[in-house]
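Student: These are the residues of each chain, in order.
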Amino acid sequence: KAGVTQTPRYLIKTRGQQVTLSCSPISGHRSVSWYQQTPGQGLQFLFEYFSETQRNKGNFPGRFSGRQFSNSRSEMNVSTLELGDSALYLCASSLGREFNEQFFGPGTRLTVL
Amino acid sequence: AQSVTQLGSHVSVSEGALVLLRCNYSSSVPPYLFWYVQYPNQGLQLLLKYTTGATLVKGINGFEAEFKKSETSFHLTKPSAHMSDAAEYFCAVSEGSSASKIIFGSGTRLSIRP
Chain D
1 KAGVTQTPRY LIKTRGQQVT LSCSPISGHR SVSWYQQTPG QGLQFLFEYF
51 SETQRNKGNF PGRFSGRQFS NSRSEMNVST LELGDSALYL CASSLGREFN
101 EQFFGPGTRL TVL
Chain H
1 AQSVTQLGSH VSVSEGALVL LRCNYSSSVP PYLFWYVQYP NQGLQLLLKY
51 TTGATLVKGI NGFEAEFKKS ETSFHLTKPS AHMSDAAEYF CAVSEGSSAS
101 KIIFGSGTRL SIRP
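These protein sequences, in sequence, are chains D and H. Here the first sequence stands for residues 1 to 113, numbered as in the working numbering. Here the second sequence stands for residues 1 to 114, numbered as in the working numbering.
Since the hints were derived computationally from the structure, they do not count as laboratory data. Keep in mind that a hint or two might mislead.
[As the list claims (entries may be wrong)] Which chain H residues face chain D? A few, computed with CB under 7 Å, are given here:
| id | residue |
| --- | --- |
| 1 | P40 |
| 2 | Q42 |
| 3 | L44 |
| 4 | L48 |
| 5 | T52 |
| 6 | K101 |
| 7 | F104 |
The C-beta atom is built at its ideal place from N, Cα and C for all residues, glycine as well.
Chain H extracted, bound-state conformation (with noise of 0.2 Å):
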């Protein structure tokens, strides 16, 4: 069975800092990897989706993640925080290429010191 762990349940950086959020997954096969983020009292939106090619994957909002499949690893980052990117951010994983059964890691909560 395919599993996420996210490193850090709450995350804090200065504005202007660099932005870093850890993401292992667990999979028997190629996994389909995505990072989500949730503003409080909304749904969740994608920022970004590796599912072949190009390990290194341009989101929105200057977010990226790089699958690195030796480390089974889907970090995010963002090279300058801002204060709207303070959220919650999931990262998860495919069962499968049918992306509508997704499962998700546990979440970590972004603050943005000012």
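Chain D with its partners taken away, still in its complex shape (with noise of 0.2 Å):
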């Protein structure tokens, strides 16, 4: 079974640019969850998407946002970038029950210069 992808794997971009990222969950899996990893303030929530629906959101502005369509694949959106969005930003995966392991990808490495 393929585990979860995202794309792309890096990304360099300008401040005041937006960009996008994406994520192909594990085929079954319902469930996708956004986080933001940087040495400061190490890994933090973003949200979660549960068929099509957000579910759980985290304490970020809202220049960050996030869609899920119907085939369980999530895009993740950062508009009018700053230099404090340089992240890694990994999505992770799950049924979506209660206790299911969040399975995650290998993130995506944004650089804002």
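Assemble the dimeric complex from its two separately framed chains, guided by the hints.
Tutor: Printed below as a string of structure tokens:
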């Protein structure tokens, strides 16, 4: 069974631009969660989508948004990029039920110049 | 609000020695606790989790952790370190029964000396 895939793996943008990251979950998984990992703030939960609806949300500004499609694939969008948005963005998928293990993708490394 | 504190950002042990990575949590409700491992340039992999029941939890790769409510701890141990154990380890707690919103500790980098 294929794992969680994230595209692109690396991305370089400049301040003020916007970016879209993509995550394809494991087949059959309906939940996709997004995390931001930085050396200063560590791993922080962004949001979770389940059956095309946002089910949980972390404490990030509205510049960070996401969506999920009917095939469970998810995209995350960051608008008006800031230098501090440089991070590894991880996506995780699960069946979406209680205590289900989350399976993480390799991440997208975003650098904002 | 729930939180996790990992004591020691870097731990170094000799190959074959005991591995002990410390984790303390703060929670006003019964916590669900996890340990994840991250190898360089990779995502996170679940080592083990505690939800309810037996307080000693066994995971993959020979790791185990014990939930101690009185000490609010969930330390990770492995009797004998292997070179392949070198990685970053994250302790985490979930908010409520939904394991989708996970609060991570700051991580502990484990180095193994030959």
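Student: Are the hints correct? Go through all of them and say.
Tutor: Hint check results:
At its closest, the beta carbon of H:P40 sits 11 Å from a beta carbon of chain D; the interface hint therefore is violated under the 7 Å criterion. Below 7 Å, beta-carbon pairs count as interface contacts, and H:Q42 has one with chain D at about 6 Å; its hint therefore holds. At a threshold of 7 Å, the smallest CB-CB gap from H:L44 to chain D is about 4 Å, leaving the interface hint in force. The criterion of a C-beta within 7 Å of any C-beta in chain D is not met by H:L48, whose closest approach is roughly 10 Å, and the hint is violated.
Contact between H:T52 and chain D, as hinted, is not supported at the beta carbon level, the nearest pair being about 9 Å apart and thus beyond 7 Å. Because the closest C-beta pair between H:K101 and chain D is about 4 Å apart, less than 7 Å, the hint holds. Here the hint on H:F104 is kept, as its CB sits about 4 Å from the closest CB of chain D, short of 7 Å.
In summary, the structure is inconsistent with hints 1, 4 and 5 from the numbered list given earlier, while agreeing with the others.
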